[in-house]
Every structure is written in C-alpha cells, then in structure tokens.
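Number of protein chains: 2
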Amino acid sequence: MTTMREVADRAGVSIATVSFVLNDTKPVTPATRERIETAMAELGFRRNAMARALASRRSHLLALAYPALEHKLGSTGMEFVTGAAAAAREMEYHLVLWPVSNDATELGELVADGLADGVLLMEVLLDDPRIEVLQRAGLPFSLIGRTADPDALDYVDIDFDQTMTIALDHLQELGHQRIALLQEGPLQRLLQSYGPKRRTRQAFRRMTRHRGLDVVVLDCPPTVGGGRQAVTRLVAEHPDLTAIMVQNEHAAAGVVSGLQSVGVAVPRDMSVLSFLTSPDMAMMSDPELTMLRAPGTALGDLGVRRLIDLVEAKPRPTEPAAPQLIPCELVAGETTAAAPSR
Amino acid sequence: MTTMREVADRAGVSIATVSFVLNDTKPVTPATRERIETAMAELGFRRNAMARALASRRSHLLALAYPALEHKLGSTGMEFVTGAAAAAREMEYHLVLWPVSNDATELGELVADGLADGVLLMEVLLDDPRIEVLQRAGLPFSLIGRTADPDALDYVDIDFDQTMTIALDHLQELGHQRIALLQEGPLQRLLQSYGPKRRTRQAFRRMTRHRGLDVVVLDCPPTVGGGRQAVTRLVAEHPDLTAIMVQNEHAAAGVVSGLQSVGVAVPRDMSVLSFLTSPDMAMMSDPELTMLRAPGTALGDLGVRRLIDLVEAKPRPTEPAAPQLIPCELVAGETTAAAPSR
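For the protein sequence lines, the chains are A and B, in the order given.
Throughout, the working numbering is defined as the position within the first sequence, counted from one, plus 73.
Throughout, the working numbering is defined as the position within the second sequence, counted from one, plus 73.
Because the hints were derived from the structure by calculation, they are not lab data.
It is possible that part of the hints are untrue.
Pairs involving identical chains hold if they fit within one copy or between any two copies, as the list cannot separate such chains.
With a straight-line cut-off of 25 angstroms between C-alpha atoms, the simulated DMTMM-like cross-links for lysine to aspartate or glutamate are [said to hold, decoys possible]: (1) Lys387 <-> Asp313; (2) Lys270 <-> Asp353; (3) Lys99 <-> Glu182; (4) Lys387 <-> Glu407; (5) Lys99 <-> Asp224; (6) Lys99 <-> Asp287; (7) Lys387 <-> Asp232; (8) Lys270 <-> Asp292; (9) Lys99 <-> Glu165; (10) Lys99 <-> Glu385; (11) Lys99 <-> Glu179; (12) Lys270 <-> Glu110; (13) Lys387 <-> Asp342.
Note that the structure is predicted; figures quoted are calculated from it, not measured.
Put together the whole structure using the sequences plus the hints.
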C-alpha cells in the first residue's frame with residue numbers, strides 16, 4: 074500500500090501538507106493540491122476513508138432497505154431510489170442497497186454488522202416487523218412511508234388525503250359523479266398491510282361519501298390483462314360510471330385498451346385517472362394517462378436528508394421530527410375529460 | 074460508545090469471548106453467542122465494521138456506477154441492479170449506488186475518496202470516458218456491457234450474436250422472410266455510442282444478409298406514441314413486412330396497438346418480437362409480447378462475483394479473466410405466429 078510519505082516525496086511537499094489535503098484540516102493552494110492529487114493517482118494511493126470513518130465514528134454509509142422480492146421496483150420505485158442516492162451523494166454520504174425482505178430476520182443480520190450509520194426503510198407496512206429490529210439495535214432510521222401508528226417514528230410519506238382531494242376535485246370539475254377506484258389485488262401475504270393501498274381506499278370512501286358521489290371499489294391483478302378483464306366487467310355491471318381512478322399502474326394501460334375494445338371511448342365516454350404513478354408508466358398507455366404523479370424523487374431526497382439529520386444529531390433526539398407529507402401532482406394527460414351528459 | 078468490556082460484563086463472559094463472536098475467530102456455543110448478541114443489542118454496541126475493514130484493508134463495499142440521468146433504469150435495468158445487490162450480500166459485500174453521469178468527472182471524485190474496493194460499471198459506451206478514470210486510479214473494476222475494444226477489460230455482457238440467432242431462428246421457423254428492426258432513437262449525445270444498439274443493428278444486418286432475408290431498419294422515440302407513429306408509416310411504406318423486431322421496450326406496446334389501429338392483426342397479419350426486455354415490460358402490451366428476455370439478474374450476479382474475484386486476487390492479475398456473454402432467452406408471448414401466406 075502506498076504511504077503518505079511516498080506521495081509527499083513525489084509531490085515535493087511535506088507529509089503534513091499531504092495530510093492537510095487528505096483531511097481538509099488546513100487550506101492548501103490549488104496548485105499544491107493538484108500536485109498532491111496527481112501524485113496520489115499516479116501512485117495509486119488510496120485515501121483512507123476507513124481510517125477517517127473510524128476517527129469520526131461514522132461510516133457515512135446509509136442503508137436503503139427495500140424488499141425487492143415482494144414488490145417489483147419499476148420506474149416509479151426507481152425514482153425514490155435515485156432521489157435518495159443523489160441526496161446522499163450531495164451530503165457526502167453513500168447509499169447502500171440492502172435488498173431484504175419485509176420479514177425482519179435478514180435486516181437484523183445486516184444491522185448487527187454495524188456498517189451503516191442509519192437505515193432508510195421503503196415499502197413500509199402498516200404493521201412492519203422491521204421497525205422493532207431497528208429500534209432494538211438503537212440505529213437511526215427514517216421511513217419513506219409509515220406504519221398504522223407512526224407518531225413515534227421519523228417518516229416522510231405521500232399525503233394521501235391531499236392527493237385524493239386533488240383527484241376528486243379534478244373529476245368533479247369535469248362533472249363526474251359516479252366514480253370507480255380500481256386497486257391492485259389480491260396482494261401477497263406480506264403486503265396485505267401495505268399502507269398506500271389502505272390509505273387511498275379509506276380516503277376515497279370517506280371523501281366521496283362526504284361529497285355525495287356514487288362509487289365502486291374493486292381490485293385487479295397488476296397486469297394489462299388484469300386491467301382489461303376488470304374494466305370489461307365493471308362497465309357491464311355499472312353502465313352509468315363516467316370515471317375510473319386506477320391505483321394499479323401495471324393495469325392502467327389495460328383499463329384504457331379494455332374500455333376501447335368494448336366500444337367505450339376514452340376520455341369521451343369514460344375518464345381514466347392513474348393514481349400514484351410516474352411518467353414512464355403513464356406513457357405506456359395510449360392515449361397517455363392523466364396521472365397523480367408520485368413525488369418519488371422528492372421523498373427519496375427528503376428521507377435521506379432527515380436520516381442524515383438524525384445520524385448527526387448530538388444528543389440523539391428523544392422525539393421524532395414532525396412528519397412531512399407530500400401530495401402527488403396532477404399531470405394532465407389525454408384520458409380525462411368532461412363527463413358525458415346522459 | 075459502548076465498549077467490549079461493558080458487553081462482556083453484561084453477558085457474563087470474558088472480553089476474549091466477545092472478540093471471538095465479533096471476529097468469528099473461534100467457535101462459541103450458540104447460547105453464549107445469543108447472550109453476547111443480546112447484550113450488544115441492549116447496550117447499543119456497534120460491532121466496529123470500520124475497524125475490521127481497516128485491519129483487512131478492505132471496505133467490502135462495491136460501487137455500482139449507473140448513469141441514472143442519461144438513461145431511465147426501468148424494470149429491466151432494475152433487474153441488473155437487484156441481481157448485483159443480492160450477489161454482493163451473499164458474498165458479504167455491500168453494493169453502493171453511485172448515480173454518476175457517463176461523463177467521467179463525477180466518477181473521478183468518488184473514486185478518489187477510496188471508499189469502495191471496486192467499481193461495477195453499467196450502461197457502458199463503446200468509447201467510455203469512465204474507463205480511463207478507473208484505470209488511472211488503479212481500482213479494480215468490471216463492466217456489465219463493453220466498449221468497442223474491450224479485450225483488456227474484465228466484462229460480462231449480453232451475447233448479442235447468439236440472441237439475434239435465437240430471434241431470427243424463431244421468426245424463420247414461422248416462415249418470416251421480410252423483417253424490420255425498430256430501435257430507439259435519436260439518442261442523446263452521451264448515448265450515441267451506446268453498445269447494445271450498435272451491436273444489435275450490426276448482428277441484424279450481418280445475419281439477415283447471410284440468411285437472404287429482406288430487412289428494414291429504423292428508429293423511433295422510446296414512447297408508446299413513438300411506436301404507434303413509426304409502425305403506421307412502416308406498414309404503409311413496406312406492405313409486405315410480416316415481422317417486426319423491436320429493441321425499444323417503451324415503444325413496443327405502441328407498435329402492437331398501432332398495428333391494430335390500422336387494421337393489421339397481431340400476430341395473424343404481423344408478428345412482433347420484443348428484443349432485450351423484461352416480463353414487466355412485455356406485460357404492458359396487449360396481447361402480451363413474445364420477447365428475448367434480458368438476462369439482467371444473471372449478469373448483475375455474474376458482474377459482482379467477477380469484481381469480487383478481482384478485488385480479492387493476490388497478486389492483482391495482469392490479464393483480465395475471459396469475458397462471459399449470456400444470450401437473452403426466448404419467452405413465448407402472444408405476438409408471434411406463422412407468417413401470413415400472401
């Protein structure tokens with residue numbers, strides 16, 4: 074392994090100067106820094122991040138625990154991951170991918186290794202076994218998403234009520250009174266208490282009742298075929314529906330093509346609004362879906378910054394910071410229009 | 074910070090025994106290990122992964138450099154990342170996400186930090202500026218993908234020739250003689266030398282010439298609308314085409330719906346074969362696409378294992394290991410069938 078002395082000799086400076094550059098302990102002229110860094114590169118000197126980590130008692134590694142097995146992270150999920158990784162880099166931390174099941178055992182093993190300064194949880198369940206593992210380990214952690222009772226936790230999440238308000242306002246302004254909510258189901262055992270589905274359904278039922286709207290709520294598999302079949306039955310059984318809110322991005326394109334295949338024109342006869350998705354998925358439908366865009370990048374970014382606040386807080390806060398909720402943004406596509414007059 | 078003595082006292086064992094558990098240096102009875110690990114958890118003792126890394130001169134961190142900005146990593150790209158992260162975990166390494174541009178500057182800064190034992194490059198360009206940065210830093214690295222002249226590099230990649238052979242055999246067995254290749258384009262400046270597009274096009278031209286097939290090669294934007302428009306023009310200008318190979322997964326669903334909208338039934342009148350994609354994307358089309366499935370998980374896994382071999386090799390090998398190429402797998406969907414007899 075190359076030593077600091079070798080770097081110093083090659084750069085024609087003192088070891089102390091090399092150390093100033095390595096540890097940013099004192100200002101060094103750009104020219105000198107340039108000479109030293111060139112010498113390091115030429116000698117293959119490896120700045121000892123580990124030693125610095127040991128000194129600071131911090132690894133500057135943040136673990137992103139994501140259950141890749143239970144839930145495919147498609148384009149929409151990838152926006153959360155990319156937002157988190159970019160924020161970590163900007164804050165001079167590194168995001169480590171921990172592909173672990175929602176089941177807590179694997180996470181426990183990784184936490185015991187003590188490598189990460191903190192953990193960011195994604196795909197949070199209403200009753201998430203991972204929380205207790207992290208609490209017992211005493212490791213700082215934040216959630217993107219939340220449990221059924223999250224008051225004691227540090228979390229950021231989608232503002233489902235605000236998002237539903239935006240969605241219903243949009244449809245009501247267009248004159249829609251009879252609206253269906255089509256979600257993903259049946260869910261695998263582990264995901265049965267998946268928060269976003271439950272919260273969206275509850276907000277939909279509560280708000281539509283309050284607004285005096287007629288509603289239907291149903292599930293279908295997360296496939297284009299599933300969406301086609303579901304919507305074909307739906308329009309047969311509920312001929313007076315004028316709008317469908319789809320929280321099932323893999324089925325949404327099938328909802329649109331299924332409607333068209335049974336002679337229901339989108340959006341002339343039926344409006345389709347894709348709830349909680351990303352542009353990539355909206356573009357997979359023809360015509361392109363009007364959507365409530367998931368704030369993936371923003372939540373990934375926010376989750377990491379809050380986790381870093383926790384990691385660096387001295388002393389460790391006894392209360393979590395106030396949660397931050399971000400609504401989805403309405404992005405106009407070509408699948409919503411004025412309700413047909415009957 | 075909790076000390077080993079505190080852990081030993083609480084667990085009622087000697088410091089040496091705690092150290093055996095920490096460093097796996099000597100066998101310890103499950104019961105004792107359990108007591109010690111409970112004591113660590115209760116005291117919030119953090120096994121010092123940093124100290125061990127320093128001792129072993131290895132961080133056990135592998136960096137995955139992926140240019141999230143240039144290229145959206147959708148479901149297909151995510152399979153590479155997940156396969157790599159899972160293999161790293163199995164080998165007791167950790168995969169760190171480095172979202173850096175194909176442009177080399179950012180990568181240089183990260184490499185200089187010396188945190189990672191090695192780097193895995195994805196989305197490799199035929200002339201990739203990141204290679205020189207890694208070579209100058211003397212850091213072990215492997216590629217998933219390859220440059221125009223990869224002989225001196227350690228890489229795994231898709232076997233484009235073998236994949237094209239499988240694709241053309243499939244279409245020829247069905248009697249197709251006039252075949253189009255629809256790829257993604259125009260590409261952003263940085264991606265203009267993106268390997269997979271060039272290699273696929275070259276293999277397609279070479280092999281179809283050799284087999285005496287009539288071909289058309291064209292590009293369209295990576296959107297459903299782009300696929301629709303391109304295919305509408307295509308069938309108007311080339312009415313005798315019977316099959317379209319699509320290497321543009323975001324346009325593929327539009328190719329199918331576009332054909333149907335102009336009265337060309339899929340697969341009865343026209344076969345559509347999606348080249349280099351994943352089940353998630355194949356399912357976004359209706360009917361579901363027959364595809365050449367990208368070996369994402371396998372290549373992610375293989376890339377990481379080869380990188381770890383490099384990292385742990387003593388002495389550092391002077392020659393790269395033989396490259397490994399994996400073909401895509403033909404997965405039957407509902408969009409290819411016997412060529413119509415004219």
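Hints, verified against the model:
no.: 1; hint: Lys387 <-> Asp313; in the structure: neither (60 angstroms within a copy, 73 angstroms between copies)
no.: 2; hint: Lys270 <-> Asp353; in the structure: both (21 angstroms within a copy, 20 angstroms between copies)
no.: 3; hint: Lys99 <-> Glu182; in the structure: between (40 angstroms within a copy, 19 angstroms between copies)
no.: 4; hint: Lys387 <-> Glu407; in the structure: neither (51 angstroms within a copy, 60 angstroms between copies)
no.: 5; hint: Lys99 <-> Asp224; in the structure: neither (44 angstroms within a copy, 44 angstroms between copies)
no.: 6; hint: Lys99 <-> Asp287; in the structure: neither (69 angstroms within a copy, 68 angstroms between copies)
no.: 7; hint: Lys387 <-> Asp232; in the structure: neither (30 angstroms within a copy, 53 angstroms between copies)
no.: 8; hint: Lys270 <-> Asp292; in the structure: within (10 angstroms within a copy, 39 angstroms between copies)
no.: 9; hint: Lys99 <-> Glu165; in the structure: within (19 angstroms within a copy, 37 angstroms between copies)
no.: 10; hint: Lys99 <-> Glu385; in the structure: within (23 angstroms within a copy, 35 angstroms between copies)
no.: 11; hint: Lys99 <-> Glu179; in the structure: between (43 angstroms within a copy, 23 angstroms between copies)
no.: 12; hint: Lys270 <-> Glu110; in the structure: neither (52 angstroms within a copy, 37 angstroms between copies)
no.: 13; hint: Lys387 <-> Asp342; in the structure: neither (59 angstroms within a copy, 69 angstroms between copies)
In summary, the structure is inconsistent with hints 1, 4, 5, 6, 7, 12, 13 from the numbered list given earlier, while agreeing with the others.
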